[in-house]
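For the protein sequence lines, the chains are L and P, in the order given.
Residues in the first sequence are numbered consecutively from 595, following the working numbering.
Residues in the second sequence are numbered consecutively from 595, following the working numbering.
As the list makes no split between identical chains, a pair holds if one copy fits it or if it spans any two.
DSSO-like mimics (lysine-lysine), calculated; alpha carbons at most 27 Å apart, straight line:
| hint | residue 1 | residue 2 |
| --- | --- | --- |
| 1 | 837 | 639 |
| 2 | 698 | 840 |
| 3 | 639 | 834 |
| 4 | 698 | 762 |
| 5 | 837 | 762 |
| 6 | 639 | 698 |
The set of hints was computed from the structure by calculation and includes no laboratory data.
2 protein chains.
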Amino acid sequence: MDFAEALRLRVARVEEGIDRLLPPSTEPSGRLHAAMRYSMQAGGKRLRPVLVLAASELFDAPGGADPLAAAVAVECVHTYSLVHDDLPCMDNDSLRRGRPTAHKAFDEATALLAGDALLTLAFEILAGAYPGSPALSAALVAELAGAAGSRRLIGGQMEDLIAERGAKATPEGLRFIHENKTAAMIAAALAMGGICAGAPDPMVETLRAGGRQLGLAFQIVDDVLDATSDTATLGKTAGKDAKAGKATYVSVHGLEAARRIARESSESAVAILRLLPGETGFLTTLAEGLLGRTH
Amino acid sequence: MDFAEALRLRVARVEEGIDRLLPPSTEPSGRLHAAMRYSMQAGGKRLRPVLVLAASELFDAPGGADPLAAAVAVECVHTYSLVHDDLPCMDNDSLRRGRPTAHKAFDEATALLAGDALLTLAFEILAGAYPGSPALSAALVAELAGAAGSRRLIGGQMEDLIAERGAKATPEGLRFIHENKTAAMIAAALAMGGICAGAPDPMVETLRAGGRQLGLAFQIVDDVLDATSDTATLGKTAGKDAKAGKATYVSVHGLEAARRIARESSESAVAILRLLPGETGFLTTLAEGLLGRTH
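All chains, full assembly: derive it from the sequences and hints.
The following block contains the structure:
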């Protein structure tokens, strides 16, 4: 099977899981559930949940648990962060994945509540999906809540916002933002896949380390694309970083240096992921592909 | 020890737990952590976390776990829901517990992120506080995420908002809103106390049932106070339900009937809580006191 087909199969599995694990729009509150589904079913690369599945596949330990629920939980947290990030008081964006953002398709209050509900659902899924393995549930909740919390994802978003409002970001400040806003969740996705498969702690730590490098590369490529691509190709508003005076690797280091750092981080990620057991081809091809993406 | 002193001791214990379990403002992102602490340390009745402690105390089973972390987690979720509820796109309120609301004291984006971070922290606390009992962590996460999720707390808020915007609420619709917006979290608080203490499942279910009645009484008293009290006494804007055309027990049933239903729910709560083992005096006095409160 070639890489594109392997990717397609995993994305399809994630989307089936999303459809199954989200409450139906027919159940009250129908409007809230419709908004949750609207945002979760808007497509997108499904990078984080695919990473959960791919990391889990490296370890075919007996007694490993199905990583699909963990994959859906990670996508719930990622989607909630986008929904809240798009709100008028944050980035005030009207386009996401080529469609109106949640607060444009519904309204601001509904988008706020749908984001809250997706974040909560992530933990409800993790607590409920592994009834025979409470230790697995607890470890997954700890990993995801840590990565999504005030010291990581939300802390990175807060500092990003502060940088946007005032002083020019330093390279160190920018690295803090990218490592927390983006890389922490990608590291957690890989770690959660390993945890589901019962990977030993040092392997889970290797997954986290590879994920941090991959996440950094991913975010820098995002910065480069925002500066060099157009809205139709991206499926979201292009050029908005510069317009917002946002701190990016392009604004702080320049375009060529940003491209070089992205390449170095990506190579470092691949080198770390190759240390893992099993067939790492899918994971390393995915990591390499992120560098050459156009959206 | 009289009731007031017993209550004061439990509130003090909750506040010590909050101070210990919230990230310090000196840790990045400092602004985010300051906003989280601002909202969590605004005082308030601490009803939900005190209920966690009080329910736990009924069962002095050997091997029971310290309920304080669970109590703080419940207060984190309650506070996040208030911070988001006060935002301009929701109730747009500028006063809470006698102080400026989070988005007035900081700004809208910071309040949004602080709310997100408090919700996430609740689950991080539950996953981390009981390392020797992953089954306890998983059960507490399931209970709290269920009560705070789209079928309960957030679903109730969404339907409340819809009722506010348009058609007159039916008694059944209003009951759905109050049971989910308010009673679900109070029921979960009591259940989580029991779960920490290792209470058997039928006792946890009795705690939930008593909590639902107590929560309903509490919300109806809130409706009555909003219609009859003043802003200085309440510490939050009075009369705003009627102004917003909000569905309340007063607007749907009238003031006298609302008072009667609150009394009946409160009596029902006390009767259910008396079925529990141990010294239920503190819990039933607390429940009775909620009916006579002025703020």
